[in-house]
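Residue numbers (the numbering used here), protein chains in the order written: chain A, 5 to 198; chain B, 8 to 472.
Hints should not be assumed to be uniformly reliable.
Calculated cross-link-like contacts (lysine to aspartate or glutamate; reagent style EDC-like; alpha-carbon spacing at most 20 Å) [stated by the list, open to error]:
#1 B/K423 / A/D49
#2 B/K53 / A/E40
#3 B/K428 / A/D49
#4 A/K170 / B/E263
#5 B/K53 / A/D49
#6 A/K170 / B/E25
#7 A/K188 / B/D35
#8 A/K6 / B/D49
#9 A/K59 / B/D49
#10 B/K326 / A/D61
#11 A/K171 / B/D30
#12 B/K15 / A/E195
#13 B/K428 / A/E165
#14 B/K23 / A/E192
#15 B/K423 / A/D53
#16 A/K131 / B/E321
#17 B/K23 / A/D53
#18 B/K327 / A/E192
#19 B/K23 / A/E40
#20 B/K171 / A/D61
Now the in silico label distances, taken between C-beta atoms and shown as ranges [what the hints assert, rightly or not]:
#21 B/L79 / A/T38: 45 to 51 Å
#22 A/F62 / B/L75: 48 to 54 Å
#23 A/T158 / B/S320: 18 to 24 Å
For the record, the hints were derived by calculation from the structure and aren't laboratory data.
Where is the CB? At the ideal position from N, CA and C, for every residue including glycine.
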Amino acid sequence: MKKFEKLTSRVVPLPIENIDTDQIIPARFLKATTREGFGDNLFRDWRYDGAGQPKADFVMNNTTYAGKILVAGKNFGCGSSREHAAWAIQDYGFDVVISSFFADIFKGNALNNGVLPITVPENFLEKIFDTVFSDPNTELTIDLEAQTVTINATGESFAFEINPYKKSCLINGYDDIDYILNHKELIENYEQQR
Amino acid sequence: MGKTLVEKIWDAHVVKREDGFPDILYIDTHLIHEVTSPQAFDGLRKRGIPVFRPNQTVATADHNVPTLNQHLPIQEELSRYQVDMLTKNCKEFGVELYGLGHPYQGIVHVIGPELGITQPGKTMVCGDSHTSTHGAFGAIAFGIGTSQVEQVFATQCLLQQKPKTMKIEVNGELAKGVGAKDIVLYIISKTTAAGGTGYFVEFAGSAIRSLSMEGRMTVCNMSIEMGARGGLIAPDQTTFDYVHGREFAPKGEEWEKALAYWQTLYSDEDAQFDEVLEFDAADIQPMITYGTNPGMGIGISQAIPATSDQPESERPSYKKALEYMGFQDNETLLGHPVDYVFIGSCTNSRIEDLRAVASFVKGKKKADNVEVWIVPGSKQVEAQAKEEGIDKIFAEAGFILREPGCSACLGMNEDKIPAGKYCVSTSNRNFEGRQGPNARTMLASPLTAAAAAVSGKIMDIREIL
Chain A
5 MKKFEKLTSR VVPLPIENID TDQIIPARFL KATTREGFGD NLFRDWRYDG
55 AGQPKADFVM NNTTYAGKIL VAGKNFGCGS SREHAAWAIQ DYGFDVVISS
105 FFADIFKGNA LNNGVLPITV PENFLEKIFD TVFSDPNTEL TIDLEAQTVT
155 INATGESFAF EINPYKKSCL INGYDDIDYI LNHKELIENY EQQR
Chain B
8 MGKTLVEKIW DAHVVKREDG FPDILYIDTH LIHEVTSPQA FDGLRKRGIP
58 VFRPNQTVAT ADHNVPTLNQ HLPIQEELSR YQVDMLTKNC KEFGVELYGL
108 GHPYQGIVHV IGPELGITQP GKTMVCGDSH TSTHGAFGAI AFGIGTSQVE
158 QVFATQCLLQ QKPKTMKIEV NGELAKGVGA KDIVLYIISK TTAAGGTGYF
208 VEFAGSAIRS LSMEGRMTVC NMSIEMGARG GLIAPDQTTF DYVHGREFAP
258 KGEEWEKALA YWQTLYSDED AQFDEVLEFD AADIQPMITY GTNPGMGIGI
308 SQAIPATSDQ PESERPSYKK ALEYMGFQDN ETLLGHPVDY VFIGSCTNSR
358 IEDLRAVASF VKGKKKADNV EVWIVPGSKQ VEAQAKEEGI DKIFAEAGFI
408 LREPGCSACL GMNEDKIPAG KYCVSTSNRN FEGRQGPNAR TMLASPLTAA
458 AAAVSGKIMD IREIL
């Protein structure tokens with residue numbers, strides 16, 4: 005897993021609630037057997053029409069907005085456990101997703117792939133949307149070490165929470181398997197004592 | 008202080024607990040399928056390690072298989088490749104596979120219980136969010152991502168935060184024509200699609216207790232649709248009777264030992280839940296969804312809530328959902344024409360579901376404007392349906408009994424609902440495009456779906472039964 009470093013970036017705003025993983029990557033694109041290339045079909049049916057032409061009114065087809073940070077309405081990533089959703093978001097070029105509420109499985113999948121899900125209060129989320137819609141060049145700074153997300157233009161900042169173990173995984177770029185494999189003996193002992 | 012059922016099972020599976028770290032949780036059974044496993048097998052190859060406990064791993068092909076002509080090679084190249092890859096991976100890593108053509112093949116959450124693999128007190132995972140189904144037996148069962156599939160392959164463990172616990176009690180008697188699917192759609196319409204996030208939900212109360220195992224599986228299956236990672240029901244005689252004698256259930260002395268343990272699996276009276284919700288079974292009508300998440304459900308005779316009644320910040324999303332469905336504020340769905348009826352999926356494709364549909368449609372014919380697909384959950388369900396003559400009832404009604412798989416639940420394989428068409432579906436998700444690009448899904452019980460099939464429109468099953 006790649007290490008997560010301090011990030012300053014513009015934002016792609018998607019103020020829709022309950023974005024499920026079928027929207028992030030529809031099931032018909034889950035036929036690949038590798039992790040690569042899912043970004044092409046990220047938000048496929050919102051992004052392209054039936055003929056494969058970009059839909060002009062979708063934010064990702066609007067060159068006004070760009071960046072490595074996706075900001076979305078509450079309950080982001082609900083539904084299917086498909087990790088392909090996290091792969092698609094990462095493959096497209098997002099390193100961070102900000103929402104006021106994340107579905108459990110998506111949140112875990114994102115963290116396992118070096119994509120940082122940041123939960124902020126509703127009013128802070130509104131502030132980000134307002135600022136970005138009034139000035140699409142607005143930048144946010146994500147400081148994982150300090151656990152802060154800052155709206156650079158106004159200096160407003162929010163201190164987000166993250167599990168300390170997961171934080172160190174992101175910063176150092178290691179994953180859960182490395183950690184658990186170090187406890188093989190404990191696992192075998194557990195099996196024998198049952 | 009006493010423990011909840013979740014705590015009892017969870018604590019019995021903790022290999023290591025350390026402050027500041029998630030628990031290392033031991034996983035008894037790992038179910039896998041073709042879609043979310045190939046990258047995990049690849050990960051093992053890259054690390055040069057085997058599947059740690061292949062005997063605790065079971066595979067089947069379900070998501071990406073056709074449901075007609077399964078004896079022929081899969082037509083679509085990418086799907087064929089993915090299913091072949093599962094076969095190759097299982098062979099290489101020594102994992103038992105119930106693939107296409109095997110008498111045990113079927114939807115992963117249907118075959119686990121029917122083979123007796125699913126048992127009370129177990130921890131079970133699968134790279135599929137509807138793994139919560141197995142909680143119906145009093146097991147901790149939940150869906151995981153592919154990186155976690157690789158974790159379980161490599162270590163038979165998962166790093167997991169202990170979840171919060173919620174109890175949902177449904178007491179009282181259900182009205183005629185109201186069943187397990189209606190209970191769970193009703194609950195989700197109250198909690199919203201996010202209301203259970205962060206929790207494992209224990210379903211309790213007399214209305215839950217009175218359900219068959221099939222009904223309990225339907226309820227637990229949809230726990231994830233309220234955001235809960237898992238849902239479970241304390242095992243009782245209904246559970247033990249269901250498990251007893253099944254292929255992989257404990258036998259003889261082992262059975263007695265297991266049973267003694269299973270009988271200790273309930274939430275203690277003084278156990279503390281983080282949240283408790285109570286519902287009255289008498290308030291539950293046959294349910295139907297009108298929107299694009301499973302929380303957007305109403306009693307079949309009720310009107311679609313007005314956009315103006317939604318919290319202001321949520322109105323744009325709400326409006327978008329109604330536009331997608333082609334519905335209006337305050338509209339009632341009774342009498343609304345239907346194009347497709349899909350009876351299947353890990354929610355409602357068990358023999359009991361097929362029996363309920365068959366007993367209602369016997370001697371009736373499907374409406375001309377409707378296409379009806381019945382997809383059994385497994386080869387065993389299919390065989391049982393044929394043995395009972397259910398296939399003939401369906402054939403006479405003009406329904407197509409297909410072969411087992413996830414089918415039109417997820418718009419991945421060949422079975423898709425065309426754009427703009429209305430489908431009454433017994434599956435679990437009504438998301439935009441879930442059953443095919445621009446398809447419009449209305450979730451309902453098998454009985455409500457059967458009524459739509461014969462009438463060609465949305466009907467109140469209570470008025471026809």
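Hints breached by this structure
4, 5, 9, 13, 17, 18, 19, 20, 21 and 22
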